[in-house]
Amino acid sequence: MRRKLASAILILVALCALFAPAIAPFDYDRQFRESPHAAAGGQFLMGTDNLGRDRFSRLVYATRISIVLAPAAAAVSVLLALMLSRFSSLTTLCLSLPWIFLFIIMRALLPLDTGPFASILLTFALMGVAGWAWPARIFNASIRQIRQSGWLLQARASGMPSRRIALIHVWPHLRAIAVAQFRVLVPAYILSEASLGLIGLGVAEPLPSWGNLLAELQRPQAVSANPWILAPLGLLMLVMICLEEVSA
Amino acid sequence: MNNALEFRISASYGKTEVLHSVAGTIAPGEIVALAGLSGSGKSTLALALLRLLHYRGGSVTGSITVEGRELTGLSESAMRSVRGKLIGYVPQSPGTALNERLKVRTLLEETWSAHAEGAGSFGALLESVQLPGDQVFLNKRAGELSTGQGQRLLIAFGIMHKPAVLLADEPTSALDVITQAAVLKLFAELNQKNGTAMLFISHDLLSVASISHRVDILHEGKIVESGPPGKIFSAPEHPFTRSLVDAMPRRMD
Amino acid sequence: MTPRGFARRLASRLVSLVVIVLLGGFAAAALVRYSPGFASLPEDLDPSISPETLRALHAQNEDSNPLPVFYARYLAGTFHGGFGVSTSLNQPVAELLRRRAPVTVRLVAEGTAGGLLLGSLLAWAAVWTRCAYLQTVAVSLTGLFLVVPPAVLALVFFFNEAPLAIAVALAVFPRLFGTLRALLGDLYQSPALLAARARGLSSATIATRYVLGAASGQLIAITGVALVLAFGSAIPIEVICGIPGIGALALQAAIGRDMPLLCALALIITFFVTAIHTFGDLIE
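Quick note, the sequences are listed as chains H, Y and A, same order. In terms of this note's numbering, the first sequence is residues -9 to 238. In terms of this note's numbering, the second sequence is residues 5 to 257. In terms of this note's numbering, the third sequence is residues 162 to 445.
These aren't lab readings, by the way, just hints derived from the structure by calculation. Predicted model, so just to flag it, every value in this text is computed and none were measured. All C-beta atoms, glycine included, are put in the ideal place defined by N, C-alpha and C. Be aware that a few hints might be false.
[Unchecked claim] Stretch-level coverage of chain H by chain A, calculated; a stretch enters the list once three of its residues show a Cβ under 8 Å from a Cβ in chain A:
id: 1; stretch: 26 to 38
id: 2; stretch: 85 to 95
[Unchecked claim] Over the 12 Å line for every Cβ pair with chain H, so calculated as not near, a few chain Y residues:
id: 3; residue: S81
id: 4; residue: L111
id: 5; residue: A186
id: 6; residue: E224
Okay, chain H solo, but in the shape it has when bound (with noise of 0.2 Å):
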């Protein structure tokens, strides 16, 4: 039953994600610059913020741009761990420096001039990139598990081809630590998503996501002024809630 409305509110979300144009009432940069700070209600369901641009709206793109490419970047770790985690040496050297820390060099380092658009497909890569060690190690120690369990040697006794036994009897076991690494991951890339947007690290400005929306949380007064300021917060740990839900 919860499995069920959480699954539900997912789907909800992802829909709103995708009709996102037809769903926002403005473009997440149109600013009226005559009612920065609106309040809440009438046109501004939300309110707008200091530079008068509907909230939202911002807050529909942004769960566009966040719930899309989450699994983007956790797809790219888990091919990458899926491809480089027989070099377990270069894994453990990759595992040795914090996730944050490597993140946060790469993005410090891109070109300062980098548009809107390629800092959200670079943040997202970049996450990816540097997140691969981890479920590689997971991989590495289950194909070493693999490769000393009874039922391969069983496969090779019987004569079965090399090619076969990959594809029929390890992929689905390494299939199945890919989807459970998937899964793990989503999650994990949301909330390092909206940390590194807090610190300003993530998505640039204009476009919006979770992260850099959480940003104007940084100003307690506005908050108090206008709670739904807080609805980006409320959002995303409510998917986080649905998707961990879903996945138990």
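Using the hints provided, position chains Y and A relative to the given structure of chain H.
Below, chains Y and A alone, put in the same frame as chain H:
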């Protein structure tokens, strides 16, 4: 006529030799039991005969012939056509030897297409190992089978391509006594029906002796005694065989 | 394991530790040198600076030595205790580290301790008390803090002037809870513990000898994981709250394309993380 299996091999892990020039001959249709304590190199011998020991980090020297054909020196791909076709293998503990993620059907089909063309039909095969051949069973995953069913399925894989010789490595050690007796009986029937020669590796001298024509005693990597079961039990010669026979449970009289 | 075998393993681990640290530093240097943004400076975007001045700035910034030469010289300097001079902050790197490191070390240490304590307490509540109500509370608390971005936690504590170590602890504990609960759960059902209970031992003996004693190796490994987690969440927390620690320094160094400082940070961080991993491996 050639013997089903003849071998004289030494095997080692790194610098430690665990099998010292162990030799054996199995005639067509013969059941030979190889008994020894755990750690005496029994499982090593089975893997060495299949030339799979390098996957467990060991190496083998010597000679192995199946129906007069020399196996040492064959390439890995040539060995592949021997494994499962000329030499069948029944491993111990179905819990680990069956890939729990796969369906029984997939396992059967893959084992079939390793050495045969077209779609196999498995009804008679499954019946001969007393397993149901219906769709429900075929669609089960290997992880859902009971230990007894799993062991029967492994036997089915071993005899599927009517090998010249079947290596059975402790095939009953994971089973309860009643299932154990049934599986042993099954081996004896398969031997009588198909004339398959068998090398039966076990630590349980008493149970394997009941179905075998000859018993070899493996001790510290060497075969120390060989003879028909009756002679081994009534007049063991080697001290180790004597202690093994003495340790067997006797009728209380 | 024999003492001799252990000594051999220790030696090989130490060698690989040194290799990994050196490679980590080199990787950081290579990342800086070959990143697309290495040649771009903040001044590039300023229209009021003349092209000549920009060229001069670039010439000053770009080290003309090839990367391996730079790194070899850098390491040689490091052995003399220098770590070089930061190009963006114009201060000796060693001096910067001496001032900044204690802040981060304290934050990470307190955060780790707090996270472990909180995680263990909740895991104990979930497993040991056999109380359904407490179990639900523990699981829900964990689930709640698992979905809050650490940076947001930091903001809440920052504006309320509460100790930030608690924010680190709150970010760390939900990621330890699962492992700790599984560990305690295994212990709870272990035959050794059952046998101890059957002999009528006191709860104090059971708690110290059969729980803490039996789990000490794994607890040390979990502490290692907790330290790395705490450091990972301390970086954004420092940046947001303007705490002058290692994390904030790393960001400054990266933005300023400061090779000597980044190399020093990479060497130190790699050393600590690898040392923690190595220690955990040796304990096993």
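Against the structure, the hints come out as follows:
Residue count for the stretch 26 to 38 of chain H with a Cβ under 8 Å from a Cβ of chain A: 0. That is fewer than the three needed, and the coverage hint is violated. Restraint check on the stretch 85 to 95 of chain H versus chain A: 9 residues with Cβ-Cβ distances below 8 Å, three needed, restraint holds. Non-interface status of S81(Y) relative to chain H is broken: a Cβ of that chain comes within 12 Å, the nearest being about 8 Å off. A beta-carbon of chain H is positioned within 12 Å of the beta-carbon of L111(Y); the least distance is around 9 Å.
Every C-beta of chain H lies more than 12 Å from that of A186(Y), the closest at about 22 Å, which supports listing it as non-interface. With a least beta-carbon separation of about 25 Å from chain H, E224(Y) lies farther than 12 Å from that chain, consistent with its non-interface assignment.
When each numbered hint is compared with the structure, violations occur for hints 1, 3 and 4.
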